[in-house]
Each structure stands twice: as structure tokens, then as C-alpha cells.
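Same order as they appear, the protein sequences are chains A and B. In terms of the numbering used here, the first sequence is numbered consecutively and its last residue is 207. In terms of the numbering used here, the second sequence is numbered consecutively and its last residue is 1207.
Just so you know, the hints here were simulated from the structure itself, not pulled from any lab data. Please note that the accuracy of each hint is not assured.
As the list claims (entries may be wrong) - What follows is a set of in silico ranges between Cβ atoms, one per label pair, in the way DEER data are often shown: (1) 184(A) - 1007(B): 37 to 47 Å; (2) 8(A) - 1054(B): 36 to 46 Å; (3) 147(A) - 1107(B): 54 to 64 Å; (4) 205(A) - 1061(B): 30 to 40 Å.
To be verified - Computed list of chain A residues with no C-beta within reach of chain B, every gap over 10 Å: (5) 30; (6) 38; (7) 42; (8) 44; (9) 52; (10) 125; (11) 147; (12) 170; (13) 203.
Source: prediction; values computed, not measured. Glycine included, each C-beta is placed from N, C-alpha and C at the ideal position.
Chain residues, written in single-letter form:
Protein chains: 2
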Amino acid sequence: MKPLDIEKKSMEIIEQELGERASAWPLKELLVVKRCIHTSADFDYGDNLVFSPGAVDTALDALKRGVTIVTDTSMAAAGINKRSAAALGVEVLCFISDPDVAEEAKRRGVTRSAVCMEKAAALGRPVIAAVGNAPTALIRLKELADEGKFRPELIIGVPVGFVNVVEAKEMILESDIPHIVAKGRKGGSNIAAAIVNALLYQVHREM
Amino acid sequence: MKPLDIEKKSMEIIEQELGERASAWPLKELLVVKRCIHTSADFDYGDNLVFSPGAVDTALDALKRGVTIVTDTSMAAAGINKRSAAALGVEVLCFISDPDVAEEAKRRGVTRSAVCMEKAAALGRPVIAAVGNAPTALIRLKELADEGKFRPELIIGVPVGFVNVVEAKEMILESDIPHIVAKGRKGGSNIAAAIVNALLYQVHREM
């Protein structure tokens, strides 16, 4: 079986096993849900993903206009399909290993992830923020928005973890910034990348 | 809370929620299990990980001797703690984006992942193969071993998926090559990286 056939077959199995849950999602959101399950084999993503109204359409429009994607981990950046992104003029950036980020974080006693989001804000461009690891990145994004300094086109809020993660996600869920969030503890860099890829592939399918 | 405190607290929560399952694992294996749950918030890893006898000790010895780690995805490579690896003289390699791998795969009608494992074999050095994505990488590793051409110090066999994945893992589970495998569909590049990191941190803890 060729890779594309395997993917098609996998998606069929996922949709079948989702059963009635599959038909509960609008198609555009279902494509995101399925890709999260595809990357984790974890059917909890059939229940825990939350899309703010119109989030997928907002994201697709932003991608078509060549939005910049900023991730909080190099792993999430590595998982994003660079060819699909580049074909739309979409740049994928991650600042977590930048020496100036480490210095600034140390000096101010904040996390490197929080500083990364400030660096995303300083780009002065439309940005999709994809957060798969650090709740502090989400908290900083919310603060920057509240201060009127930065408003991402979309926040993908899927950090994974046991401490501060649920609360940080709730903060984004309650905000009016367009978002796709995995409620609860689950998520990860792989899930952040899967959501971005699901959105990229939808744009390419429409083209 | 500082990152290290958050990690400590997270591991305590994981151990608590694992309950009796935690005490069923030998400590060295439990540290791997817990890090897989830490990276996914998925407690299925409390049940589905299989360690061949002495696999962790074999891995720790290999890491102390500066084994080379070869992954099947750039995402898994990105997730491995490079500072911990470098401190042991451990190199982390991934060949999936190499132009010669793509060419060779196309020419022979095999997957790039399979060719990557051949390239790992051709290094002529001790290797830990960490497979988070491609069942064909596991199948090729088994074939190379059967042909007497290549025997990794350890196979981390945790591809995720719905087609050919379970069967490829069974092939490794039945082999005499030291292995750590996530039985069933689950796994991923994040899990492959988490297992490598759990092993690296154990070496550092012992030092």
C-alpha cells in the first residue's frame, strides 16, 4: 500500500470508529478532529476539541493570505508540512532556541515560551500561534491581547500536561480570540502540528 | 512555579493516578512509562509499553558509550533533548529529508523511512533506532537483522496508526533485538522522543 492509500484507509477507519460522533462535527472541523486522532490514535480528540465559531474559516482565510505560523516548540515546527506551508507563502517560525529569548527569560524570571509569544507579537505581521507545550505561552498571549498589543488570527491552544494546563486553556476558551483548543490535559506538539496540517490541507483541497 | 517544579509535580500526579499499575513496573521502566504519559496525558501508556528483558539497561549502557540515535522523523529528532545527548557524546540523526533518501526510495519503490534505516545500518556504528511514525522502518530493521546486516543496540518501536502498525510492532516484539514497543495502535514521534529522553535522563541521574 502506498502512503496516500494508507492515509485514506486510516481516515476511513477513524471515521467509522468515531461513529455518531463523526456526524456531530461540521465537515471542516471533522477534518481537524480526524487528523488529531490520526497522529495519536487517541479517540479522546473526538470529544475534547473546541472550535470558536468560524475558527476554521478564519484560519483558512489567514493561510490563504500567507499568515505566519509561530509555534512554542521546535518539535511542533518540525511536524508541520513545510512544503504545504511554503506553497501558500506561509512561514513557520519557532523562537524557543534563540539565544536572546533565553537571555530575556532569565533576566525577567519568565518562561522562554512567554518570551517567544512576545517575539511573535513583535513581528508586526498576522500570526497563527500554535501552542503544544507551554501553558505560559497561552497566558502571555491572553495578556498581550488584553493589553491591546497583539491579537493572533488564531490560537491553537493544545498544551499537554498536569499543572496549569487546564486553567490556561480555559482562559483562551473564554476569550474572544479565534481558537482551537483541546479541553483538559491532552494535547502536545504533535497535536499542534496535526491541527496546522489539517488546516493547510483544507486550503490545498479548496485550490 | 518553575519548570522543574512543574515537572516534579506532574510526575507525582502521574504516579498517583497510575495507582497499582505504578508498582507493577520496575523503577527503570516506570521512569519511561511516566515520561510517555507526561508527553501525552494518555494513561494507556501505563499498559501498552513492552520492554524486552534488560532493554533499559542495554540502552543506558549504549548511551554511556555514545551510541548514535537515528529517528524516522525530524519531529522525533526535534523532541530529543540535544543538550542531554551531546553531554554523552550521543549524536541524533534523521535522514528522512535527505535528497539521496528520496531519490533511492523513488527508484526502488520503497518508503523513505525504509531507506533511512538502511542509511542507519550503513553508518557502521552502534545505533539506537527510534521509530515513531513508519511501520515500514520497523519492517526494514527486522529484515536487515534477519539478513545479518544490521543489529541496533535497541529498537524503540512506537509508530502510531491504523494500517500495518500493529503487525509491524508484533514483528519486533517477537524478535530477539532489544526493544521498547508500544503495543497496539498508539505511539508517535512525541512518544519516541519521550522514551529517548527518559533514557537519557536516567543516565544523567546515575552520573
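Using Cβ atoms and 10 Å as the threshold, tell me whether residue 42(A) really stays out of contact range of chain B.
Label violated. Min Cβ-Cβ 6 Å, cutoff 10 Å.
I want to verify a distance hint. Is the separation of the beta carbons of residue 184(A) and residue 1007(B) within 37 to 47 Å?
violated (19 Å)
Could you say whether the range 54 to 64 Å given as a hint is met by the Cβ separation of residue 147(A) and residue 1107(B)?
Holds, since residue 147(A) and residue 1107(B) (Cβ atoms, about 56 Å apart) stay within the stated range.
Taking the CB of residue 205(A) and the CB of residue 1061(B), does the distance hold inside 30 to 40 Å?
violated (49 Å)
Non-interface claim for residue 30(A), where every Cβ of chain B lies beyond 10 Å
holds (16 Å)
Could you check the hint for me, namely that residue 8(A) and residue 1054(B) are 36 to 46 Å apart, CB to CB?
holds (41 Å)
Check the non-interface label on residue 38(A): least C-beta distance to chain B beyond 10 Å or not.
Violated, because the least Cβ-Cβ distance between residue 38(A) and chain B comes to about 8 Å, which does not exceed 10 Å.
Taking the minimum C-beta separation from residue 170(A) to chain B, is that value above 10 Å?
holds (16 Å)
Does the claim that residue 203(A) lies off the interface hold, with its Cβ farther than 10 Å from every Cβ of chain B?
Correct as stated: the minimum Cβ-Cβ distance to chain B is 21 Å, above 10 Å.
Could you let me know if the closest chain B CB is still more than 10 Å away from the CB of residue 125(A)?
holds (24 Å)
Non-interface claim for residue 52(A), where every Cβ of chain B lies beyond 10 Å:
holds (22 Å)
Decide, holds or violated, for the assertion that all CB atoms of chain B are farther than 10 Å from the CB of residue 44(A).
Given that some Cβ of chain B is not farther than 10 Å from that of residue 44(A), nearest at about 8 Å, it is violated.
The structure does not agree with the numbered hints 1, 4, 6, 7, 8 stated previously, though it agrees with the rest.
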